[in-house]
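J.: One-letter residues, chain by chain:
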Amino acid sequence: MSGIVTTIADLEQIKNKYLDHVSKYKCQVLICGGAGCISSNCAEVKDSVIETLKKFGLEDEVLVYETGCMGLCAVGPVMLVLPYRTFYTDLTAESAADIVKSHLVDGRILMECTYYDKSLNRHVPRIDDIEFFKDQVRIALRNCGIMEHDNIEAYIARDGYIAACKALNEKTPEEIIEEIKKSGLKGRGGAGFPTGIKWEAGFKAKSDKKFIVCNADEGDPGAFMDRSIIEGDPHTIIEGMIIGGYAIGANLGYVYIRAEYPIAVDRLSKAIEEARRYGLLGQKLFGTDFAFDLEIRIGAGAFVCGEETALMNSIEGKRGEPRQKPPLPFQKGLFRCPTIINNAETLACVPAILLNGSEWFSQYGTKESKGTKVFALAGDLANAGIVEVPVGMPLGDILFKIGGGMKDKKKFKAAQIGGPSGGCITQENLNVPTDYKSITKLGAIMGSGGLIAMNEDTCMVDTARYFMDFIQDESCGKCVACRLGTKRMLEILERITQGNGEEGDIELLEELGATIKETAMCGLGQSAPNPVLSTIKYFRHEYEEHIKKKYCRAGVCSELFISPCENTCPANVNVPGYISLVAAGRFIDAYNLIRQENPFPAVCGRICTRPCESKCRRRTLDEAVAICDLKRFVADYAYKNEKPYSNDIIFPKNGKKVAIIGAGASGLTCGYYLVRIGYDVDVYEAESVAGGVLAFGIPEYRLPQSVIAHEIELIKQAGVNIFLNTEVGRDVDFQDLRKKYDAIYVATGTQFPQRVNIPGEELDGVIHGINFLKNVNLKREVKLGNTVAVIGGGNTAIDSARTALRLGAKKVLILYRRTIDAMPAYESEIHEAIAEGVEIMELVSPVRFIGGKTGSVKKIECIRMKLGEFDNSGRRKSIPIEGSDFIIEVDNVIPAVSQYSDLPFIRKEEIGVTSWGTFIIDEDTLMTTMDGVFAGGDVARGPDTVISAIADGKKAAISIDLYLGGKGKLNKGPKINIPDNFDEDEIVSHERFPLDMLPVEKRMDLDSEVVLGYHKLNAIAESMRCLRCDRR
Amino acid sequence: MSKRPVPCTCLRSATSSKYSELDKIIELYKNKEGSLIQILHLAQEIYGHLPLELQQYIADSLDIPLSEVSGVITFYSFFSTKPRGEHTIRVCLGTACYVRGGKKIIERLSEILGVGLGETTKDGRFTFEIARCIGACGLAPAMMIDNVVYKQVNVNKLESILARY
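Just so you know, the sequences run in chain order L and P.
Each residue of the first sequence is one higher than the last, beginning at 1 in the working numbering.
Each residue of the second sequence is one higher than the last, beginning at 1 in the working numbering.
Wrong hints could be hidden among the right ones.
[To be verified] Here are the simulated DMTMM-like cross-link-like pairs (lysine to aspartate or glutamate), alpha carbons at most 25 angstroms apart as the crow flies:
no.: 1; chain 1: L; residue 1: LYS858; chain 2: L; residue 2: ASP902
no.: 2; chain 1: L; residue 1: LYS318; chain 2: P; residue 2: GLU53
no.: 3; chain 1: P; residue 1: LYS103; chain 2: L; residue 2: GLU494
no.: 4; chain 1: P; residue 1: LYS151; chain 2: L; residue 2: ASP457
no.: 5; chain 1: P; residue 1: LYS151; chain 2: L; residue 2: GLU623
no.: 6; chain 1: L; residue 1: LYS209; chain 2: P; residue 2: GLU33
no.: 7; chain 1: L; residue 1: LYS318; chain 2: P; residue 2: GLU111
no.: 8; chain 1: P; residue 1: LYS30; chain 2: L; residue 2: ASP128
no.: 9; chain 1: L; residue 1: LYS118; chain 2: L; residue 2: ASP128
no.: 10; chain 1: P; residue 1: LYS151; chain 2: L; residue 2: ASP891
no.: 11; chain 1: L; residue 1: LYS478; chain 2: P; residue 2: GLU68
[To be verified] Pair ranges (Cβ atoms, derived):
no.: 12; chain 1: P; residue 1: GLY114; chain 2: L; residue 2: ARG336; range: 32 to 38 angstroms
no.: 13; chain 1: P; residue 1: SER67; chain 2: L; residue 2: GLU491; range: 28 to 34 angstroms
no.: 14; chain 1: P; residue 1: THR81; chain 2: L; residue 2: THR515; range: 33 to 39 angstroms
no.: 15; chain 1: P; residue 1: ASN147; chain 2: L; residue 2: ASP871; range: 42 to 48 angstroms
no.: 16; chain 1: L; residue 1: SER207; chain 2: P; residue 2: ILE161; range: 56 to 62 angstroms
[As the list claims (entries may be wrong)] Reference listing, derived: stretches of chain L covered by chain P, where coverage requires no fewer than 3 residues with Cβ under 8 angstroms from a Cβ of chain P:
no.: 17; stretch: 295-303
no.: 18; stretch: 310-316
no.: 19; stretch: 608-619
no.: 20; stretch: 975-988
The set of hints was computed from the structure by calculation and includes no laboratory data.
Glycine included, C-beta positions come from ideal geometry on N, C-alpha and C.
Next up, chain L with everything else stripped away, as it sits in the complex (with noise of 0.2 angstroms):
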């Protein structure tokens, strides 16, 4: 202690015998004290640490201390070592043992404990290797994480009350002021006005008695910028007060902190009492006349009183509900007299900016907005945490490259930001700068940073129901427009979300909220719309499907559906209904209800997408129960074991005909269901085989043909009729089809491979994905050389790989231009192609294909290929890297890129055609713009799924039943009860029950199924993994 703090010079004492200190030991140890650590119990590590060096005899070379926030809190507890500067995750008191052991006593850093990159599935030890830090420019927060947060010297040390100091010797206040209009500097509380120009009010204002207020009332869910800099270097905002009260002239400041944060106002208090000690605080301040003290005055749970005029009154003691404006807060606020208000964030900028200059600060940020922005990235992101950005970084960057992006491979759908009184912004804007004029521009605003990143899980009429929830219950209530018009909206939002929207709900909504937002009194009630109007805008669908269809696509709406599975099934499987069948050993019963929405559960149970296990809730617990795999059990079991006979019971014939085009998937779920109802079925196919894309698109050692043959037989049975080799348009005239049909379905797919147009397509040896795959399925003589080189990363692209393989290539090459883990096919069949010795080059682009002397290709020149900005479909562009070319030689090229549909036998001007070449349908009837035509599948849709296709094809048949006179009602079958076998008892983590599986060395034959499904009694095992979300 050296008393009371006067010059430069006593600060650069403290300063200088700080460093000193510090500089006596070998290692430093930082421990981070933040509240989300302190919640993942950091003490409990601190302690290990002290004690395990002690153990050791370390205590006089290492020096450990807990800091403020680092911001990477979803990894907590954290530390870092220095001077190493590795950065060490998820301690606990045992894992921070064993890194003094390895990393203080020996020297070696225990690789296992430090910070993982997902995304890169590799450690990184060094902090500033890590990509969560890099991009990062901390102003704000330029003492968190680094400093000993409850030491005054330590923040001297760093600079400390330099900048006061200087202020109050050196500047006049119109000085000061002058110099923070130059940085720049806007509230960062979320209005975003500027610093400088609100001080020159406060100054000018004539009074004898003036105020200063720190708003640390951070009340969004979600955001906790302000609580992690007050917790972590509170004397920043200590001195940044004494600046601002000096250069308004106010002798007395307030900070205003909710009762949530007792953490913050703990070390707030002690760290002012601290400062009082040094004379930094009280009268004659640095040696001058001028006098500072500051009051923490604590909230006591209500929201409004972030707002400055309810903040006010709040101060004063009295209930927050906020006050009319003019009079503004600088002309008569706090206790009648002039008030300055600002947000905590832009406190702690400003001794920065009086240490560095204004020119320093406004280096950073954009044009129009100064500086940085800190953010509380919460929600889906890997990363979740604490961050300081430039004013003006694309959002997409701030979620995907510093946020780490989402969670467990999830889909973007939507950031929220500016809390209850924001808005959202979808992967179409992800390239926003995040400055205030342009996210205020989509309709959300940059508010005080709470950003929270929401996945595919997400529905937006919930989260719209769950804000207008919120701001219900912090609606002071002084005002009808707020107090009835929120309580309205949430009423209309929760029968929305129940399932009993109305026609006219969503208009409703925006009239009211127009309404809300012209006529509240403060910017709560102005501003509490806004979340809902915002997903609106971008989620109207959303709000459609639930008032319409009452389906919540997120599955987060419960009242709308059986099961998360079931809702996500397109076909709404009763997923958790067979699933117990299987628990209960009642296998073919099944297959059986499988059976009655989806006449395809074997094909199903090999090669669909498993949407349903993308949502299942077991996931959260250990894995997704294998749904897909049960199905495949089922069906399996049912084929070895099929009765004689069935009860089933078709309807008599009603004497109308439909026509199918197309006898894949989708043309054939149509047909069964409609012969099930009484319609004669005739089915019209092209190919000489039935099953269409299944039958010649995936190869045998996926799909056997006698599994597709199977279950083409059983809905042959049920009297659907086949024509093959009958191309409509060649064969049949489609206007006698129309003629003789009642209706049509065209369901033919899209089969032509698009072209990747660069020269040299047309060489031999270059064969399109699809048309390879066709001819090694209809056993035509393909012949291949020893290097193949396969184009694309859907599923296509590595069936192509894979046959290729099985054909005999010697190698197998796939060119890929982004990155492996953005490929669109199936994660498992990618790692079973690198099982299998094929190749995969990431980010790598064909330029063009190059002939040999017999006219053949024999090289492929390429480019390589780098990440860029975000395309609108939320995934960052791939960008070729000038002068990267490089050749590859090759003897053959599968170029599988995509597919399109192409309808010789409609001229296009007769009927409704997207630019893409699909069908324009109606989407509730799938009826084109032809009368009595109806089209499902890839051919409405372009390449989709085989479980969409089934889906539409068993929609077309309720919807041309409707067309046709009848109810729309499917005869599914008898039905079949499901028992109620759950058991009660503690669920115990399990990950799935494994499957048989092929040897890799076993599947070189083109023939052999790699995947050979269930043991029985490991598929009743699985089948009691399922969590029963069905029960209620």
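Put chain P on the given structure of chain L with help from the hints.
T.: Here is chain P on its own, set in the frame of chain L:
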């Protein structure tokens, strides 16, 4: 929780000693403008909650209307006019728990405790509330007692869980 909240009845019998602590606080803040919320924070810390008698006492001591004190207390969610139990039970009614039988848990708990939601048992042991998602969806239905999360609760387990408190 070290402090047992004091039910209203005790206030009447043992007023003198209890109020003396409050008097000290009031004395400290009396002449400072706008200190009502500070006083209420400290009063609640001592008494656990802020019943009407206490509100009246504070109003009289500060020479302000009871309506002003009461108005402030009811405005802020942090202040409670009813005693809180020693332990707080929060049954999760997030989507997953709701779907997996959270409602049944609430019905049964209500029976066992003899109080409804938002209420405190007569013996002052439990305050019974609901919570929105507490992030234990994989093991729904879940509930929390103070800071301990009980996952996969079913109605048969409730009594044995409560017996631990």
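J.: Examine the stretch 295-303 of chain L: at least three residues should have C-beta closer than 8 angstroms to a C-beta of chain P.
T.: holds (count 6)
J.: Confirm or reject the claim that THR81 of chain P and THR515 of chain L have a C-beta distance inside 33 to 39 angstroms.
T.: holds (35 angstroms)
J.: Check whether three or more residues of the stretch 975-988 of chain L sit with their beta carbon closer than 8 angstroms to a beta carbon of chain P.
T.: holds (count 3)
J.: Can the restraint linking LYS318 of chain L and GLU53 of chain P be considered satisfied, given a maximum Cα separation of 25 angstroms?
T.: holds (20 angstroms)
J.: Checking one constraint from the list: CA of LYS151 of chain P to CA of ASP457 of chain L, max 25 angstroms. Satisfied?
T.: holds (22 angstroms)
J.: Taken at face value, is the distance from the CA of GLU494 of chain L to the CA of LYS103 of chain P at most 25 angstroms?
T.: Given pair LYS103 of chain P, GLU494 of chain L holds - Cα atoms ~18 angstroms apart, limit 25 angstroms.
J.: Given a hint of 56 to 62 angstroms, does the C-beta separation of SER207 of chain L and ILE161 of chain P actually sit inside it?
T.: Taking Cβ atoms as reference, SER207 of chain L and ILE161 of chain P lie about 60 angstroms apart, which means the hint holds.
J.: With a Cβ-Cβ cutoff of 8 angstroms, does the stretch 608-619 of chain L contain at least three residues near chain P?
T.: Answer holds; 3 residues pass the 8 angstroms Cβ test.
J.: Between LYS478 of chain L and GLU68 of chain P, is the straight-line Cα distance small enough, at 25 angstroms or below?
T.: Since the Cα atoms of LYS478 of chain L and GLU68 of chain P sit roughly 16 angstroms apart, the hinted pair holds (cutoff 25 angstroms).
J.: Confirm or reject the claim that SER67 of chain P and GLU491 of chain L have a C-beta distance inside 28 to 34 angstroms.
T.: holds (31 angstroms)
J.: For the pair we were handed, LYS118 of chain L and ASP128 of chain L, check the Cα-Cα distance against 25 angstroms.
T.: This hinted pair holds, its Cα atoms lying about 17 angstroms apart.
J.: Are LYS30 of chain P and ASP128 of chain L close enough, with their CA atoms no more than 25 angstroms apart?
T.: Not OK: LYS30 of chain P and ASP128 of chain L at ~53 angstroms, beyond 25 angstroms, violated.
In summary, the structure is inconsistent with hints 1, 7, 8, 10, 12 from the numbered list given earlier, while agreeing with the others.
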